[in-house]
Amino acid sequence: MSKKHVLWLYQELPDLVSRGVLTGETAERLRRHYGEAEPINKRRIAFLTFGILGAFLVGSGSILLLGHSWENLSRPVRVFLSLAPLVIAQVLAGWTVWRRWESAAWCESTAVFLMFSIGASITLVGQTYHVPGDFAQLLLIWMLLSAPLIYLLNTSLCAASYLVGITLWACTARMQSQDALLFWILAAVAIPRLWMTARENPYAIRPVLGLWSLALCLCVATGVTMAHALPGLWIIVYSSLFAVFCLAGSIWFLEAPSFWQRPLAAVSAVGIPVLCLMFSFEWPWEEIGWHHYLPPSGYRRWFALYDFVLAAALTTAFIFLLVRSIRKLQMHQPLFGAIAILAVICYFLVAADPRGTAIARVLFNLYLLALGLATVVVGIRNNHLGTVNFGLLILSALIVTRFFDSDLGFVTRGVAFIVVGIGFLTTNLMLLQRTKGGTQ
Amino acid sequence: MKKTVILGLFCCAALVQLVVPIQMILQHEQTLRTGRQFRFRTAPVEPRDALGSQYVVLRTEANTASLPVGVKAEDRQKVYVLIEEDKGGFAQLTSATLTRPQGDAYIKAKVSYSRGRTVHLEMPFDRYYINEQLAPAAEQAYRQHSHRDARDAYITVRVRSGFAVLEDLYIGGKPIGEFLRETSSSPTLSPPSVR
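The listed protein sequences derive, respectively, from chains F and P.
Its first residue numbered 1041, the first sequence is counted upward by one per residue in the working numbering.
Its first residue numbered 5, the second sequence is counted upward by one per residue in the working numbering.
These aren't lab readings, by the way, just hints derived from the structure by calculation.
Don't take each hint at face value.
[Stated by the list, open to error] Covered, in the sense of this in silico footprint (three residues per stretch, anywhere, with C-beta under 8 Å from a C-beta of chain F), are these stretches of chain P:
id	stretch
1	11-24
2	28-34
3	148-157
Idealized CB from N, CA, C, for every residue including glycine.
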């Protein structure tokens, strides 16, 4: 039960006892069962938010002010001003470590200010000496220098910014035809910090923020770091990645009070239907498999091996999580995870014989249909309007795409859209009636 | 962990954070003070490349060199490029090698792409930072004066042990700052039009 609901229950208990609904002893047993629930300290959250926002604005504003009158300053003055924000931020962060290490607001805001100052100082020095633009190198140096702050200032926002920074670096490096395998070592630096915060309370704002950035960055970096030597291997890799997210989210974050506090499940819930929709078209299956293998040129030869290692690791992780969780999970969770199995089967089918494309497309159409129906059923069973609408959205997306890439006339398409719309409205109305009936 | 240990570790991290920009400053300052000066004639840039809002995108006429027979360089590989001065005193790139040459007339540059023995280089001076209010005028002046009919724009570069630092951008024989001040204050002095 969420903290909000426990607090509501505790408020109700004296009234329930006085009306004779519960005995004093039962009320006490309920208190013991749910434990202490401190009210959310809104002042603390506000202080934390405004502290971070303030640090961000002060950092950005001072850099803009410096840049504005840059032309009139001599080189030594520019150099001094380039280093000044960094030194000020370091003094502030040092004082925080010494005096305010227990304060999340101080740690987060000074760490963010220092992180921005590092980037600003390097950029301003670069501008002073007209250093050629190598954005990838700048990002890499910036992130390496910021990494210790994640631990020394106990900060999740820095960890999240760091993950975004290294993902941006990986994208930039690949755009410059470099390999970006270093991403995984850089990401491994931040993972223990996320694990440490999640261990205390996985649904608090700081670990949730870290997990959201990790999940989203992994979605980007997984594809970016691949060599793509074996065409179509990304189908297995991304399917397994989202399946792992789905199962891990269902196993370790099952009791999250709200949707946004389940980043892994949320990302997979969006990612899996989107992937299925893509796989229901012909283009992902064109010219895939070992018959179209392209040995990497320009990069290091062993770079192609990484794709196979990644695919194998993600598939193994998926099987491990599936075996571990299959008995505990609800019906729709392994169903979402099953995309990995289907992707592997279809990949080998199409790679062996391109005529298998039609079968793969049909299978993914059916799978998406099953996902949509299962989501609607789960939503109705749990009286959750959001889940029902999400299921209907999956079904609508499937119907709309199939109607657009078929040769059906406008009248048939129009009727189909009306039927889908009526389905949406009817299900919502029915569920609202049911909820209303339940509360009365 | 004890607070003093964390503070000690933080001080070490802060020191490293300071060392990186300071090392950049020292390397550039030393090159600007003791490096050998070369003048590179600039070349026009494609308008689509001139996207920097706070800098002028630069291209030099000299940006290719020849590799010795039998030597190949990959794209983005670092090479050493020998510099010679022509009769007008402008720098010309003669040849590229994979090993560090003798003397002080060479720069380190990355290979952009190769065509036979000719390597096209990513020159280590591709932008001149300037106030964003002055940048459009500077970019326009650069384009007009780098045109093949004008050809009186050039950059000065200081080179020390292969490390090159852009010193200044000259338009019509004057540093860009001075040129822009004069053209903006005097109505009679206007940038020449492109023929």
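Contradicted hints - numbers only:
3
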